[in-house]
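Asks: When you get a sec, could you build the whole thing from the sequences and use the hints?
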Amino acid sequence: AQTVTQSQPEMSVQEAETVTLSCTYDTSESDYYLFWYKQPPSRQMILVIRQEAYKQQNATENRFSVNFQKAAKSFSLKISDSQLGDAAMYFCAYRATSGTYKYIFGTGTRLKVLA
Amino acid sequence: DAGVIQSPRHEVTEMGQEVTLRCKPISGHNSLFWYRQTMMRGLELLIYFNNNVPIDDSGMPEDRFSAKMPNASFSTLKIQPSEPRDSAVYFCASSFFWEQFFGPGTRLTVL
Chain C
1 AQTVTQSQPE
11 MSVQEAETVT
21 LSCTYDTSES
31 DYYLFWYKQP
41 PSRQMILVIR
51 QEAYKQQNAT
61 ENRFSVNFQK
71 AAKSFSLKIS
81 DSQLGDAAMY
91 FCAYRATSGT
101 YKYIFGTGTR
111 LKVLA
Chain R
1 DAGVIQSPRH
11 EVTEMGQEVT
21 LRCKPISGHN
31 SLFWYRQTMM
41 RGLELLIYFN
51 NNVPIDDSGM
61 PEDRFSAKMP
71 NASFSTLKIQ
81 PSEPRDSAVY
91 FCASSFFWEQ
101 FFGPGTRLTV
111 L
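Protein chains in written order, with the numbering used here: chain C, 1 to 115; chain R, 1 to 111.
These aren't lab readings, by the way, just hints derived from the structure by calculation. Computed from a predicted structure; not experimentally measured.
Here are the simulated SDA-like pairs of lysine to any residue, each with C-alpha atoms no more than 25 angstroms apart in a straight line: (1) C/K102 x C/A71; (2) C/K102 x R/D56; (3) C/K102 x R/E44; (4) C/K102 x R/E99; (5) R/K78 x C/R43; (6) R/K24 x C/Q39; (7) C/K73 x R/L45; (8) C/K55 x R/F101.
Replies: Given below as structure tokens:
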């Protein structure tokens with residue numbers, strides 16, 4: 001069965017600095033999607049970034065980028081130039097490309113941004 | 001598009017009462033998911049539908065929980081009878097292909 005692990009329950013970063021959130025996963029599939037979702041205090045789940053496993057190039061969305069290491073089954077999120085509005089829970093998620101439509105979520109990392 | 005719509009946004013009820021949560025997915029999306037989020041257990045998938053058909057309900061905690069999707073634009077999650085341990089935020093999400101969009105959630109409090 002697929003699993004997603006976020007080993008950092010909480011992280012802090014100084015405003016304007018860079019922070020990296022870790023995520024590892026386990027799967028026997030060769031093709032899948034990986035996602036990072038943000039959940040601010042409003043509790044709305046917002047998709048931050050996605051990565052297709054067949055793509056070697058790391059995805060980037062403005063200040064957000066990922067480091068996807070397929071062999072190591074690692075999918076970390078880097079937030080550059082951190083802003084106060086980045087403070088939120090961040091969830092890593094996995095979905096296979098076939099067979100099941102289930103998304104497997106990690107337990108989340110709470111990010112605090114210090115002014 | 002209005003996004004995924006959930007109602008009510010907040011529900012307070014007493015133990016033993018029936019609770020019905022409602023969800024309208026994004027038009028054109030063919031998969032719908034119900035999640036529950038608590039501090040203790042995190043985000044749990046309860047059930048998901050594809051083309052209105054329940055595919056996996058293994059996350060439904062017990063027989064008190066039931067979900068239906070009578071058509072492509074509407075789904076309900078019912079808890080009968082409700083218990084205090086059902087207090088949580090319930091999310092509905094819909095997707096087409098890979099991207100999943102979440103609704104704003106319903107905060108349920110069972111007294």
